[in-house]
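Asker: Residue-level listing of the chains:
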Amino acid sequence: MNGNDVQRQLKEAGIDILKCMQCGMCTGSCPSGRHTSLNIRRLVKHAIKSRDVLEDNELWMCTTCYNCQERCPRRIDIVDAILKIRSIAAHEGIMLTEHRQVIKLFLEHGHAVPIDEINIKKREELGLEKLPETVHKYPDALDELKTLLEVCKLAEIID
Amino acid sequence: MLQLALFLGCVIPNRYPGIEMATRLCLAKLDIDCADLPGASCCPAPGVFRSFDSPTWLAVAGRNLTLGESMQRDLLTICNGCFGSLADANRTLKESEEVRQKTNEYLGKIDRQFKGTIDVRHITEFLYSDVGPEKIKEAIEKPLGLKVAVHYGCHLIKPSRDRGLGSFERPRFFDELVEATGSVSLEYSDKMECCGAGGGMRSGLKERSLAMAEHKLSRIKESGADCIVNACPFCHMQLDVGQLEIKKAFDKTYDIPVLHYTQLLGLAMGFTPEMLGIHLNAVKNQEFAVKLAKLTEDN
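Sequence order for the protein chains is A and B. Each residue of the first sequence is one higher than the last, beginning at 1 in our numbering. Each residue of the second sequence is one higher than the last, beginning at 1 in our numbering.
One chain only, chain B, in its complex shape:
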């Protein structure tokens, strides 16, 4: 089994620590060798920093990558933004000698050098390829039986030529991981559509960004899902906190619970909603809370 180091990013440790806890609990339960990555920073966020200054983006991502290199561990990301940013920077720095030299000039000032010795992984594709749905099923103690609207998020699978995770129009691997928890992944309209948060939209053009999220939520509501399951804390925030903001901006109420995959998996492994920080979400859906309490008690 691979040796990994956990890249936390910003939104998970600083806004949704429940996802950090869920990740730690699930990795331990699956006996995955994943260490902390002390001293990492923002990946940096692709939408803003890559947009503004590519050399800085590469240098900061390069620094984060060298932290993993010195531990000889691949970086495990739990956020699509961190995954996209670090995987793209890693590939660019490995492939282009010119860019690598330039970036290493910057990194040299803090006594670091990018060597290109590790890979960047995303927890969903890692669990799918290196652990596998079958082994995950073996670790399940409480099959959930939830109806789930899976939200992949754009940067997990696109650009597809760089991600290499198969079809961007109709991918399946995340659905299979959700089904491994004893849940059903629902088909729904615009399933692959963007949540509206990326590219600096959530920070820069909030109201229009929320209009995009509102559209997505309306489709999910139609599907009759018990909850949304995502792979990215920025999508998570947009779809969770976004529901309160949408209520204010458009006077529309959805009240759809939102879980990161690690929280769903944690529930199925028998951890309580409180241990996984599900109660710390912005959306407080009582019906769902009762359902989860029941699931985790009996079975």
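In isolation and in its complexed conformation, chain A is listed as follows:
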């Protein structure tokens, strides 16, 4: 059996989803599954069977709470597998619009949640400095971070 390249890439990252016996402990432990269509047992099976898992909407319904991974009787790193599959999907351009936006904010400001006028006022009211001791306050540090992000080519995944 050749398997598929998603499953192979997981194996290379040290995550062996073929150990899964489809017991369903993960699904029974999943808080998201109580409120979304996420069926983590099925998602793992999907990843074993086909690279179409990259297009599986349920991939994005995991809050990465780690319950499934903690309780898996076969000790499969299920959340790590999901993160890895998401990363493969993202590199093929499969990503939610909102997540693209978060990356844009980070590329521009060095913060995924940047400061705004309302919160500058709140800071001043509390007696804090207008801008926090982060890249927000130090332009040189922001430039340095932007150089690093260029080297890492982060912008390419939202192109």
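Just so you know, these hints were derived from the structure itself, not from any lab. Some hints could be false.
[Stated by the list, open to error] Heads up, simulated DSSO-like pairs for lysine-lysine below, C-alpha to C-alpha not over 27 Å straight-line: (1) Lys135/B x Lys102/B; (2) Lys102/B x Lys115/B; (3) Lys29/B x Lys122/A; (4) Lys146/A x Lys115/B; (5) Lys102/B x Lys153/A; (6) Lys45/A x Lys19/A; (7) Lys153/A x Lys115/B; (8) Lys252/B x Lys191/B; (9) Lys11/A x Lys102/B; (10) Lys115/B x Lys121/A; (11) Lys130/A x Lys29/B; (12) Lys252/B x Lys291/B; (13) Lys109/B x Lys104/A; (14) Lys206/B x Lys104/A; (15) Lys221/B x Lys121/A; (16) Lys135/B x Lys291/B; (17) Lys191/B x Lys221/B; (18) Lys122/A x Lys247/B.
Predicted, not measured: the structure shown is a model, and the values here were computed from it.
Given chain A, work out where chain B should sit, using these hints.
Answerer: Below, chain B without anything else, positioned relative to chain A:
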């Protein structure tokens, strides 16, 4: 005592500066040597960036870690996301020579090198292990007597093999810290359940993410708690601003006050709700505000 540098992250300084102020006040009161960490960025957020590009996640986290290394100070986080992201990156970079080399190639372009000389701490586990509930009790001026629904948040304690903070099913250390303020930590159904914000859910699938928060809030309401106390600004935002969003989306009103642990501790140390930014929360519960005003006046 350890030397620390305060890693602010994004949500605390940019959305809940009251938590930043509360943290600074509590650390000073406990005489903890914690400096600023100038020039740090987003940790980067584990749910989104770790999901999308692991090498970038490691490089950016690596840069933040080198800021602490050059000050020879451990990083003190006040957010479960920052804690998870930086502690995991730090461990991975320390353990794997291959990953470290690759990451240092990136960091070399900005004249930095990850050396692996510091640790990453979370304020709750730091206060519990290095200060201790007994010493915290000594710093309390106004025992609060509040009924508290403790919300640990997932990434504080999981993955448990990496965090090493004991049971992920029934941890106790955070409850003990809350009890040190003279409050009662209530047992409630689904206490260890996720708030629904993580993994990019709050940004990407908002309505379903709120459904998860709504479930958690309904359980907390049943418990009769005066307030929720958390250890993470992202859980804090989800449970606080989330209540206004839940009102809009599902027409359900909870009106449960939400505090970060540093705000609870600050109250017990005698700081006013205004100094701790509690009035800047989205939920404005008058009954709770009156209770706090009374607590901080007399006693």
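Asker: Enumerate the violated hints, using their earlier numbering and listing them in ascending order.
Answerer: 1, 10, 15
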